[in-house]
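Each chain, letter by letter, is given below.
There are 2 protein chains.
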Amino acid sequence: MTKSDDFDLQAFLPYLLNQAAEEASLGFQKVYKDRYGLLRSEWRVLFHLGIFGRLTATEIGAKGKVHKTKVSRAVQRLADRRLVARARSEEDRRLEWLELTPAGEKVYQDLRAVAQEYEGTLQTKLSAEEVRVLKGMLGKLARRD
Amino acid sequence: MTKSDDFDLQAFLPYLLNQAAEEASLGFQKVYKDRYGLLRSEWRVLFHLGIFGRLTATEIGAKGKVHKTKVSRAVQRLADRRLVARARSEEDRRLEWLELTPAGEKVYQDLRAVAQEYEGTLQTKLSAEEVRVLKGMLGKLARRD
DNA sequence: GCTTGTTGGTTACAAAAACAACTATTACCA
DNA sequence: TGGTAATAGTTGTTTTTGTAACCAACAAGC
Chain A
1 MTKSDDFDLQ AFLPYLLNQA AEEASLGFQK VYKDRYGLLR SEWRVLFHLG IFGRLTATEI
61 GAKGKVHKTK VSRAVQRLAD RRLVARARSE EDRRLEWLEL TPAGEKVYQD LRAVAQEYEG
121 TLQTKLSAEE VRVLKGMLGK LARRD
Chain B
1 MTKSDDFDLQ AFLPYLLNQA AEEASLGFQK VYKDRYGLLR SEWRVLFHLG IFGRLTATEI
61 GAKGKVHKTK VSRAVQRLAD RRLVARARSE EDRRLEWLEL TPAGEKVYQD LRAVAQEYEG
121 TLQTKLSAEE VRVLKGMLGK LARRD
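The listed protein sequences derive, respectively, from chains A and B. The opening position of the first sequence corresponds to residue 1 in UniProt numbering, with each subsequent residue numbered one higher. The opening position of the second sequence corresponds to residue 1 in UniProt numbering, with each subsequent residue numbered one higher.
Which copy? The list can't say, so a pair holds if one copy fits it or any two copies do.
Cut-off 25 Å, straight-line C-alpha distance, at most; resulting in silico cross-link-like pairs (SDA-like, lysine to any residue):
#1 K30 <-> A11
#2 K140 <-> D6
#3 K70 <-> R35
#4 K106 <-> D8
Derived from the structure by calculation, the hints contain no laboratory data.
Taking the hints into account, I'd like the entire structure generated from these sequences.
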């Protein structure tokens with residue numbers, strides 16, 4: 001029962017998007033957290049390296065819109081656990097090339113398979129066409145302008 | 001340039017939803033944060049009380065899927081700032097009725113207007129039909145099952 | 001009445017995120 | 001050159017969040 005007021009919170013995009021995002025993240029989080037003890041920023045860094053190969057921290061930050069301090073700490077933990085190898089660049093000694101170690105590659109391949117399967121279960125809530133349309137619209141909303 | 005690998009991070013729903021949600025939240029956050037120093041959980045509690053009137057903390061948590069500790073702390077801060085009034089129930093002395101003070105009501109009315117206007121600017125990225133469809137799908141995704 | 005379990009809400013402590021300041025290296029340019 | 005600014009990344013400090021333990025009030029069964 002609402003007051004004389006007609007604002008619909010459930011239809012307010014920032015709120016609704018957030019609820020959907022949170023709900024959608026839960027299932028996958030459970031895997032990367034419970035199985036590998038990773039944080040959100042860590043699986044993201046791992047995936048960027050898995051997909052793109054050798055990158056610098058800044059490149060990862062730019063591609064994934066992750067702040068550099070988060071990338072720095074994620075890389076630190078991943079390197080401590082020997083999932084990522086760091087190598088200081090010779091041309092520009094400020095930057096460091098990052099890539100997955102064989103162990104990191106294995107974790108990535110596993111999580112990638114989980115992600116693909118999870119994506120499938122999420123999509124059972126929608127038709128294939130709906131998913132296509134949804135992703136297009138989310139892409140537009142995610143774009144900064 | 002990707003490796004031989006075909007996983008598309010930008011098309012992974014948890015990731016994409018998160019990016020869209022974060023981007024969509026920014027503009028509104030700027031207002032409730034800069035103008036009133038509120039946190040996300042705080043504007044949510046405020047809006048629930050603005051829309052529904054008198055509620056208990058548990059009811060707010062249930063409606064908005066907010067954990068009770070977040071509600072508790074949000075209410076505490078809102079009450080400290082005299083935006084929310086708390087009254088111990090006589091029938092059941094465990095629970096407390098919450099409602100907006102006149103000052104809280106003013107803040108709510110202001111933010112509500114901002115939210116409505118902001119929703120409009122967000123929607124310029126999409127057609128009216130797209131928005132309708134999008135909200136339906138997000139609703140399905142947000143639903144826990 | 002007791003006593004066992006449940007509910008509403010708070011608090012304490014640990015984990016994580018945000019923000020700002022800092023070091024080191026390279027680029028620009030007068 | 002030498003000095004200033006920009007870039008890559010790290011570290012320190014403060015906020016916020018998450019998790020679990022907790023207290024007080026009520027409910028139900030005996």
